[in-house]
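> This is what each chain is made of:
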Amino acid sequence: MHGRLKVKSTEEQIEAKKKDREKKLLLYNGAMSKIFLKKQDGELDQEMLLLSGEVLVVNPDVYTLWNFRKETFLELSKCLPGEQLQKLYQSELYFLEACLKKNPKSYGSWHHRCFVMDHMPDPDWKRELELCNQFLQLDERNFHCWDYRRFVVHSAKIPPEEEFEFSLRLINNNFSNYSSWHYRSKLLPILFPDATQPMGVSENALLKEYELVQNGFFTDPDDQSNWFYHRWLMGRGNQTLNINCFYVSREVNCVLVSFTQHIQIGKKTDLKLECNGQTMPGTVWLNPNRTSQPSCLWISF
Amino acid sequence: MGTSVKDIVIPSNAPKSLLLLKHADYIVSYGDKKDDYEYVMTEYLRMNGMYWGLTSLALVGHLDKMNRSEVIEFVLKCQQDCGGFSCSIGHDPHLLSTLSAIQILTLYDAVESVNTDAVVRWIKSLQQTDGSFYGDKWGEVDTRFSFCAVACLALLGRLDEINVDKAVEFVVSCMNFDGAFGCRPGSESHSGQVYCCVGMLSLAGRLHHVNADQLGWWLCERQLPSGGLNGRPEKLPDVCYSWWVLASLKIIGRLHWIDKNKLIEFILACQDEETGGFADRPGDMVDPFHTLFGLAGLSLLGDTTVKAVNPVLCMPEELLKKSKIQFQYL
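Protein chains in written order, with UniProt numbering: chain A, 1 to 301; chain B, 1 to 330.
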């Protein structure tokens, strides 16, 4: 329950609301018991879609009902000819649009849409991209929709260049669109790869981004999005694995090795100790906690 | 154009002290109104709701106000043949309700009353080759489910039953340019997901994957002038982020990076003086979800009238001390 203001109401309003809720409650309970009964009897048919739809359009978070619909679709695909099945899935997409308009942040609705697109005989991916554009116009930060967009882009093999352009359009419209900056951070290594650079992105591309983000914080220096992106552009890549320091203690009869990164010796990485060209056999390496969990410091025992 | 800072102003007459007993009463009476519209319409959250309510009561020392055997009986009825738990009777099993069920049973020291082998088998079956977890058999993947799976198994003392290395690899692949985490690889950072990923890495003992300074900066920037915390940049503050953000900061050892007094002021202002309970923001409707995270946030901020809360599992610390669960903190 988010953002619901508590308001003082008159007795009349309270009474009217009570009546309205009693009515809704009756409808909900009636529909749910019918649905559960049908499920028990294995009746996965059009009526199941109708009944579960009545509840979901009001309350799209009832995840069990989305499951029942999926089961119904899988059942119906066994007997319906392709054309009819396509139509049925298409009407499911319209139904989902109604649900999403009512609640654009319902996990269940968005996941069900992925299911429909993955299962319908002839999915229209371009239309889905258009739907994403519409929903992002209503709320440019809706992360459910952004995630669905990535699913569509992946499935429809939309070129990353087009998505890069799209993210620029959003930023030009509002430079504090954090979601769009985030998207660019994922697209840059794909579009301008350079393995010699610490972040895997060519310097030229990074400089262009730098200019873009600079425009943002010159306009509004208090805007967070630009500064986080700026920090990333300026940041260094990961340090390569190396030995920082090596220490031999004659008193306690052990060797200490400090590394630039956390590693886990014994699992994937092995550490061999050689003395005068001869491998020292039976060296057991443990971290300072005497476990084999990842650590920067390893001690021979 | 940019986005102007979204924030609220705390009303001058907002509560300034903790109404401990009122919160206990609010939770108890919430569970009594089983025929209420609000109660029925949130059935899909029942198991989570019970965990939120019972943990709230445990944190204020009034768990005895609920009927233990009634609760356990309900939880047992929700275990399905596959081993997972559903949100309520008749519904389908899901990892989200399964974690709540295990947490409730742990609160009551009653884990042994369910078939734990079946739970473990079911959770194992949801792990994918890339290390991720499905929430249920329908295949939705989310780092929330990675946390649920690992937290359940840790509570059951069976963490070694899954491929922890792979599970960690997947969670790390959801790390972003800002050092924070999203739902899936490519998804934008969100405080709720940060909590799940950092908590999961703590239980797996792999917090070294986190760049604590970078992530700590992103997390502490969630604080707004009102003192409240938001979940992502340019969003409104909300009491539940007092938990997701604060617990994450605690786990990575950066809790002192926010203004504690201002946050306490914000959380206290979200209480409802008439009914008890916390809302997302001052003046909004209260619910058990925000009530738990308000209380748990205050506990992390050092309020000693609330029991100490464990930042990884959001359960009373005294209860978990008895278990052998290993928590890693930076």
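Simulated from the structure, these hints should not be mistaken for lab results. Idealized CB from N, CA, C, for every residue including glycine. Accuracy of the hints is not assured; some may be wrong.
Said to hold, decoys possible - Computed beta-carbon distance windows for the label pairs: (1) A:L271 to B:K321: 12 to 22 Å; (2) A:V252 to B:K321: 29 to 39 Å; (3) B:K77 to A:V57: 23 to 33 Å.
> Compare the structure with each hint and give your call.
Checked hints:
1. Taken as a hint, the range 12 to 22 Å is violated for the pair L271 (chain A) and K321 (chain B), whose Cβ atoms sit roughly 36 Å apart.
2. Distance hint for V252 (chain A) and K321 (chain B): a CB-CB separation of about 34 Å, consistent with the stated range 29 to 39 Å.
3. Checked against the given bound of 23 to 33 Å, the beta carbons of K77 (chain B) and V57 (chain A), roughly 29 Å apart, stay inside it.
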